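If you read the protein sequences in the order shown, they are chains A and B.
Using the numbering used here, read the first sequence as starting at 688 and increasing by one per residue.
Using the numbering used here, read the second sequence as starting at 246 and increasing by one per residue.
In short, the hints are calculated from the structure, not lab data.
The model shown is predicted, which means the values in this text are computed figures rather than measured ones.
Heads up, the beta-carbon is just placed ideally off N, CA and C, and yes, glycines get one too.
A couple of the hints might just be wrong.
[Claimed, not checked] Computed, partial: chain A to chain B, Cβ under 8 Å: (1) Asp713; (2) Gly730; (3) Tyr737; (4) Lys788; (5) Val789.
[Stated by the list, open to error] Sample of chain B residues with no beta-carbon within 10 Å of chain A, all distances over it, derived: (6) Asn273; (7) Asn297; (8) Glu301; (9) Gln309; (10) Ser318.
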Amino acid sequence: AQKITQTQPGMFVQEKEAVTLDCTYDTSDPSYGLFWYKQPSSGEMIFLIYQGSYDQQNATEGRYSLNFQKARKSANLVISASQLGDSAMYFCAMREGGYQKVTFGTGTKLQVIP
Amino acid sequence: EPEVTQTPSHQVTQMGQEVILRCVPISNHLYFYWYRQILGQKVEFLVSFYNNEISEKSEIFDDQFSVERPDGSNFTLKIRSTKLEDSAMYFCASSEAGLAGSRRTDTQYFGPGTRLTVL
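I would like the entire structure built from these sequences, with the hints used as guidance.
The following block contains the structure:
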């Protein structure tokens, strides 16, 4: 079974609108961390936001927020007020307790339309 | 803000040759990692390194790969005899700690990558 599932290979959003990128995860470990990374066309991997499994509140980092629904095992990324520079590939990822590796999903390519 | 750096940005090599990819992790970080991303595919974990030894590795990280921290700042990935299928983007990453339940300790920060092309 896939550890991280991103079901949207591509998404379009109008500039200044909000967009939600979906992510579900699969783990039986009670301790884990969830991450979102952005990969622009230049190729680097940029950390956006983190959610710990024991965190009571949803994480926010500027225009990024993580809609964490633990019972549903979902960790959707919400980008508010989209900008043209948000056009990129977005990866959801997880690190489980006891492991150091981060497991990535297949990514969602977001395109922001002017 | 401190960042992970990698050199070279692009390396072209002939099949069967040895390559060394270099990384300088963030200075106060204790855990170091290598990942790779074959073009158009997802990012795959290769190895993690802590306290001067490999702490975790994937099935991909076979005998042709090795890692080393030759001094107090550099972290290297060596591929002994490159194959065509080793062509990929290789990312180095570092984190302050292992999984400890906080953004500061758990987050792995990635370098800009080295694009390896094996001909």
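Status of each hint after checking the structure:
1. Asp713: 15 Å, violated
2. Gly730: Constraint on glycine 730/A satisfied, holds at 5 Å.
3. Tyr737: 4 Å, holds
4. Lys788: This hint holds: lysine 788/A lies near chain B, its Cβ roughly 4 Å from the closest one there, short of 8 Å.
5. Val789: 6 Å, holds
6. Asn273: 16 Å, holds
7. Asn297: 15 Å, holds
8. Glu301: It is violated; glutamate 301/B is separated from chain A by about 5 Å at its closest Cβ, not greater than 10 Å.
9. Gln309: 19 Å, holds
10. Ser318: 20 Å, holds
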